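Chain residues, written in single-letter form:
There are 2 protein chains.
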Amino acid sequence: MSVVSSANSASVSSPSTSAPAAPSPSPRHIRLTSHSSGLGSIPIRWGAATAQERGPVVGTTTNRAHRNVIGTHSGSYSVYRALAVAAGALKREHKADLTNTSPTDVIGPYPQWSDPGRIVSLDPWGASVAEVYAGELAAGYDIRPTIAVTQAHVILPEVIDALQKGRLKADGKFLTPGGAAVVTKVAVEPVWYLPEVARRFNCSETDLRRVLFEETGGMYPELVTRSDLEVFLPPIGGQTLYIFGKPRDLADTSVELTARIHDECNGSDVFGSDICTCRPYLTHAIEECIAGAQRGGVGLIAYSRKEGRALGEVTKFLVYNARKRQVGGDTADQYFARTECVAGVQDMRFQELMPDVFHWLGIQKIHRLVSMSNMKFDAITGSGIAVGERINIPDELIPADARVEMDAKMAAGYFTPGVVPDAEELKKAKGRGLSE
Amino acid sequence: MSVVSSANSASVSSPSTSAPAAPSPSPRHIRLTSHSSGLGSIPIRWGAATAQERGPVVGTTTNRAHRNVIGTHSGSYSVYRALAVAAGALKREHKADLTNTSPTDVIGPYPQWSDPGRIVSLDPWGASVAEVYAGELAAGYDIRPTIAVTQAHVILPEVIDALQKGRLKADGKFLTPGGAAVVTKVAVEPVWYLPEVARRFNCSETDLRRVLFEETGGMYPELVTRSDLEVFLPPIGGQTLYIFGKPRDLADTSVELTARIHDECNGSDVFGSDICTCRPYLTHAIEECIAGAQRGGVGLIAYSRKEGRALGEVTKFLVYNARKRQVGGDTADQYFARTECVAGVQDMRFQELMPDVFHWLGIQKIHRLVSMSNMKFDAITGSGIAVGERINIPDELIPADARVEMDAKMAAGYFTPGVVPDAEELKKAKGRGLSE
Numbered sequence: 001m002s003v004v005s006s007a008n009s010a011s012v013s014s015p016s017t018s019a020p021a022a023p024s025p026s027p028r029h030i031r032l033t034s035h036s037s038g039l040g041s042i043p044i045r046w047g048a049a050t051a052q053e054r055g056p057v058v059g060t061t062t063n064r065a066h067r068n069v070i071g072t073h074s075g076s077y078s079v080y081r082a083l084a085v086a087a088g089a090l091k092r093e094h095k096a097d098l099t100n101t102s103p104t105d106v107i108g109p110y111p112q113w114s115d116p117g118r119i120v121s122l123d124p125w126g127a128s129v130a131e132v133y134a135g136e137l138a139a140g141y142d143i144r145p146t147i148a149v150t151q152a153h154v155i156l157p158e159v160i161d162a163l164q165k166g167r168l169k170a171d172g173k174f175l176t177p178g179g180a181a182v183v184t185k186v187a188v189e190p191v192w193y194l195p196e197v198a199r200r201f202n203c204s205e206t207d208l209r210r211v212l213f214e215e216t217g218g219m220y221p222e223l224v225t226r227s228d229l230e231v232f233l234p235p236i237g238g239q240t241l242y243i244f245g246k247p248r249d250l251a252d253t254s255v256e257l258t259a260r261i262h263d264e265c266n267g268s269d270v271f272g273s274d275i276c277t278c279r280p281y282l283t284h285a286i287e288e289c290i291a292g293a294q295r296g297g298v299g300l301i302a303y304s305r306k307e308g309r310a311l312g313e314v315t316k317f318l319v320y321n322a323r324k325r326q327v328g329g330d331t332a333d334q335y336f337a338r339t340e341c342v343a344g345v346q347d348m349r350f351q352e353l354m355p356d357v358f359h360w361l362g363i364q365k366i367h368r369l370v371s372m373s374n375m376k377f378d379a380i381t382g383s384g385i386a387v388g389e390r391i392n393i394p395d396e397l398i399p400a401d402a403r404v405e406m407d408a409k410m411a412a413g414y415f416t417p418g419v420v421p422d423a424e425e426l427k428k429a430k431g432r433g434l435s436e
Numbered sequence: 001m002s003v004v005s006s007a008n009s010a011s012v013s014s015p016s017t018s019a020p021a022a023p024s025p026s027p028r029h030i031r032l033t034s035h036s037s038g039l040g041s042i043p044i045r046w047g048a049a050t051a052q053e054r055g056p057v058v059g060t061t062t063n064r065a066h067r068n069v070i071g072t073h074s075g076s077y078s079v080y081r082a083l084a085v086a087a088g089a090l091k092r093e094h095k096a097d098l099t100n101t102s103p104t105d106v107i108g109p110y111p112q113w114s115d116p117g118r119i120v121s122l123d124p125w126g127a128s129v130a131e132v133y134a135g136e137l138a139a140g141y142d143i144r145p146t147i148a149v150t151q152a153h154v155i156l157p158e159v160i161d162a163l164q165k166g167r168l169k170a171d172g173k174f175l176t177p178g179g180a181a182v183v184t185k186v187a188v189e190p191v192w193y194l195p196e197v198a199r200r201f202n203c204s205e206t207d208l209r210r211v212l213f214e215e216t217g218g219m220y221p222e223l224v225t226r227s228d229l230e231v232f233l234p235p236i237g238g239q240t241l242y243i244f245g246k247p248r249d250l251a252d253t254s255v256e257l258t259a260r261i262h263d264e265c266n267g268s269d270v271f272g273s274d275i276c277t278c279r280p281y282l283t284h285a286i287e288e289c290i291a292g293a294q295r296g297g298v299g300l301i302a303y304s305r306k307e308g309r310a311l312g313e314v315t316k317f318l319v320y321n322a323r324k325r326q327v328g329g330d331t332a333d334q335y336f337a338r339t340e341c342v343a344g345v346q347d348m349r350f351q352e353l354m355p356d357v358f359h360w361l362g363i364q365k366i367h368r369l370v371s372m373s374n375m376k377f378d379a380i381t382g383s384g385i386a387v388g389e390r391i392n393i394p395d396e397l398i399p400a401d402a403r404v405e406m407d408a409k410m411a412a413g414y415f416t417p418g419v420v421p422d423a424e425e426l427k428k429a430k431g432r433g434l435s436e
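Listed in order, the protein sequences are those of chains A and B.
By the count of the UniProt record's numbering, the first sequence reaches residue 436 at its end, each step adding exactly one.
By the count of the UniProt record's numbering, the second sequence reaches residue 436 at its end, each step adding exactly one.
Calculated from the structure, these hints are not laboratory results.
This structure is a prediction, so every number in the text was calculated from the model and none was measured.
Please note that a few of the clues may not be correct.
[As the list claims (entries may be wrong)] DSSO-like cross-link-like pairs, simulated, lysine-lysine; straight-line CA separation at most 30 Å:
| id | chain 1 | residue 1 | chain 2 | residue 2 |
| --- | --- | --- | --- | --- |
| 1 | A | 409 | B | 91 |
| 2 | A | 430 | B | 428 |
| 3 | B | 95 | A | 427 |
| 4 | B | 409 | A | 91 |
| 5 | A | 173 | B | 246 |
| 6 | B | 365 | A | 428 |
| 7 | B | 430 | A | 246 |
| 8 | A | 95 | B | 428 |
| 9 | B | 91 | A | 91 |
| 10 | B | 165 | A | 165 |
| 11 | B | 95 | A | 95 |
| 12 | A | 246 | A | 173 |
| 13 | A | 427 | B | 91 |
| 14 | B | 246 | A | 169 |
| 15 | B | 365 | A | 173 |
| 16 | B | 409 | B | 428 |
| 17 | B | 430 | A | 409 |
| 18 | B | 165 | B | 91 |
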């Protein structure tokens with residue numbers, strides 16, 4: 001009994017083999033085909049010039065015949081969606097009512113959208129599906145947004161502090177007297193076009209598919225059995241964008257753009273753990289973005305869900321213990337080595353896909369990049385975006401215990417306008433012990 | 001060619017069918033069997049009295065013959081691990097060097113650990129694998145911690161404010177003069193024992209497995225083909241615990257315990273978005289935990305990765321737009337309806353699994369629960385944990401735009417010591433418009 005491969009039979013161009021077999025462990029049959037229509041799936045032509053030519057991304061689980069991707073929507077939250085169905089709280093047939101949900105700001109389209117190799121890890125049409133695929137929606141396809149755009153007021157204690165100390169001034173437009181910054185917020189789910197994702201990692205598409213299947217312990221066999229399905233919705237976190245000023249100004253190289261790409265660090269971003277500089281650097285970047293918008297520019301924070309260098313928090317905490325217990329104490333010269341012993345690599349964030357979101361926003365130049373990471377800088381400039389000034393974190397914002405990380409990173413090639421620590425400096429134990 | 005079902009053949013008790021077939025799209029063969037030893041997999045006896053009788057959770061992708069679970073480690077970050085292998089940065093054979101990584105505080109074992117139905121979504125032995133499975137590790141099994149315990153100093157601007165205003169006082173032990181709170185931090189990855197997870201959701205294990213497979217678009221066919229594998233490592237976020245005071249006091253009902261279970265809200269927790277009360281309530285709970293520890297008690301924040309009620313951030317932002325654009329404006333009486341129109345449910349967090357972490361910590365009584373959620377309260381007390389006082393968020397911490405949410409929740413049964421808003425009150429538009 002073929003379960004998965006039957007789903008998309010109308011568009012199968014080169015079915016490589018039979019799909020995974022699933023038994024029928026209870027009397028109810030596993031659903032194989034369409035409920036709501038006899039229509040087949042719509043092909044995706046990645047990088048096509050218009051939304052119509054490109055075709056919608058259809059990851060519905062309701063009507064399998066319509067699916068044209070591997071995986072489904074909402075990243076890893078699809079597991080919770082399954083629990084909702086198991087608990088009887090959610091009807092399998094539910095279709096999202098998209099009334100009033102459309103973006104508060106129109107983003108694009110930009111020329112970058114129709115270059116198949118420029119944007120490979122998100123769907124540029126993902127915010128406007130209700131508009132650009134209105135016909136397909138009316139015909140019964142369950143097409144869901146993979147991007148959502150809204151407005152918000154964000155209130156950070158550090159911004160209020162900047163107001164009180166006079167570093168920022170309220171203008172009632174970008175920053176209220178109460179310290180609320182007015183922003184456009186964008187949530188972006190990952191949508192991977194596998195042929196070009198493979199190219200970014202300098203491996204063959206076949207190898208990428210195989211490794212994604214094997215190294216996840218067998219997730220989505222379609223990765224290896226359905227080479228005709230070229231788009232994958234991976235069950236991972238996406239990105240959130242905070243835009244200070246007009247979103248359309250991001251694409252205008254004559255408007256000064258201040259930007260930070262920030263990788264999630266829950267322990268610092270939320271709880272203020274002092275072992276790293278994540279939250280201080282983030283709030284400094286927000287302050288720079290607000291000031292930039294106020295002087296006629298535009299600001300952007302792109303927040304990526306890549307906890308603990310995409311190693312996850314368990315690995316991160318194991319490394320903390322190994323760093324602080326090693327002979328000689330917590331030193332910068334052993335900073336990367338300790339991560340590598342536990343995780344096998346120093347970093348799994350792989351900034352190769354990160355610039356996609358900048359291209360989606362039409363960005364061609366970042367005038368002020370609030371980041372010291374050489375990996376981020378290289379990825380951004382390597383993708384064809386010009387970078388002007390680089391803004392380091394001010395020394396007074398670096399917590400004492402985070403000095404180890406900062407020294408290690410500067411020695412490894414991170415940008416600094418100051419002195420790069422030498423070998424002797426890197427051997428000094430600067431991190432607190434575990435019992436301190 | 002059988003790929004997945006061959007992996008665990010030594011322990012297969014009732015193989016229900018053949019496993020998914022995978023083709024060999026390039027000359028290299030997909031790895032089927034052991035590299036490092038001829039040993040088979042070790043059975044898991046969930047809820048057994050000792051670690052030895054229970055057996056280790058083995059989710060390695062290196063030696064498939066050793067695997068005794070569905071899925072793999074690090075939640076959704078296994079996808080990044082796969083990218084690391086695809087990029088040539090990580091050796092498939094890498095085994096974590098666990099030197100110096102062991103927990104900074106010993107948690108348990110507690111009697112709750114050997115009740116198979118009490119803890120069903122995490123591995124109680126997951127922090128101490130290097131110790132309790134030393135023999136198996138020496139024999140060549142790649143056993144990884146699913147829990148990590150470390151120490152940290154956390155510095156929150158709101159706590160510094162409480163110090164400056166005299167609501168908290170530094171003692172040099174729980175709270176430094178600089179405003180750093182001294183905590184034990186614990187990261188916990190999900191480990192699901194499927195028979196009992198199904199029981200929590202009042203469905204059959206067969207139905208749970210089928211729905212998890214179908215509603216994720218076909219993730220892990222082993223869910224339906226390998227009923228002998230009863231443990232699943234789902235690719236979702238886990239929990240982080242922040243303990244203020246001695247971890248062992250959590251299990252002592254004579255020590256006052258202040259606790260909050262907090263579900264992730266990136267927009268508020270990190271960026272301070274004013275549409276909800278998430279960060280203000282969280283920082284209030286941290287203040288309560290510090291004060292509790294200082295008067296001889298113990299405090300606990302359990303932070304769960306369930307962004308946007310486990311609907312994900314794209315859905316959350318779509319709902320924000322629908323709320324603020326609807327006729328009549330953003331009112332409490334339409335608060336839940338707008339979520340349901342888009343998502344099909346009001347909430348997908350399903351607190352049914354949440355109390356597990358309390359039982360892992362040995363908790364039998366929460367003296368002061370810093371939460372107004374009736375769903376959390378019902379789940380905690382329903383699992384056999386006594387709750388004393390319930391602490392609401394102080395009115396002055398509720399942002400103006402979050403009044404809609406607060407009114408809607410109180411009307412729906414959330415705890416409040418004050419007045420529950422009536423139907424007329426709920427119809428008032430209290431949320432800001434999108435252009436405001």
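Here's how the hints hold up against the structure:
Between residue 409(A) and residue 91(B) the alpha-carbon distance is near 23 Å, which keeps this suggested pair within the 30 Å criterion. Among the hinted pairs, residue 430(A) with residue 428(B) is inconsistent with the structure: their alpha-carbon atoms are about 56 Å apart, more than 30 Å. Among the hinted pairs, residue 95(B) with residue 427(A) is consistent with the structure: their alpha-carbon atoms are about 27 Å apart, no more than 30 Å. Note on residue 409(B) and residue 91(A): the hinted pairing holds, with a Cα-Cα distance of about 23 Å set against a maximum of 30 Å.
With a CA separation close to 47 Å, the supplied pair residue 173(A) and residue 246(B) exceeds the 30 Å bound. Between residue 365(B) and residue 428(A) the alpha-carbon distance is near 45 Å, which puts this suggested pair outside the 30 Å criterion. About 26 Å separates the Cα atoms of residue 430(B) and residue 246(A), which keeps this hinted pair within 30 Å; it holds. At most 30 Å may separate the alpha-carbon atoms for a hinted pair to count; residue 95(A) and residue 428(B) meet this at roughly 29 Å.
Pair hint residue 91(B) plus residue 91(A) does not hold up; C-alpha atoms about 43 Å apart against a cutoff of 30 Å. Taking the CA atoms of residue 165(B) and residue 165(A), the gap is about 18 Å. The hint holds against a cut of 30 Å. A hinted pair counts as satisfied when its Cα atoms are at most 30 Å apart, and residue 95(B) with residue 95(A) does not qualify at roughly 44 Å. For the given pair, residue 246(A) sits about 12 Å from residue 173(A) by alpha-carbon distance, which is consistent with the 30 Å threshold.
Proposed proximity of residue 427(A) and residue 91(B) is supported: the alpha carbons are some 28 Å apart, at most 30 Å. Note on residue 246(B) and residue 169(A): the hinted pairing is violated, with a Cα-Cα distance of about 44 Å set against a maximum of 30 Å. The hinted pair formed by residue 365(B) and residue 173(A) fails the criterion: a straight-line CA distance of about 49 Å is larger than 30 Å. Note on residue 409(B) and residue 428(B): the hinted pairing holds, with a Cα-Cα distance of about 15 Å set against a maximum of 30 Å.
Taking the CA atoms of residue 430(B) and residue 409(A), the gap is near 47 Å; set against the 30 Å cutoff, the hint is violated. Taking the CA atoms of residue 165(B) and residue 91(B), the gap is about 53 Å. The hint is violated against a cut of 30 Å.
Hint compliance for this structure: hints 2, 5, 6, 9, 11, 14, 15, 17 and 18 are not met, and every other hint is.
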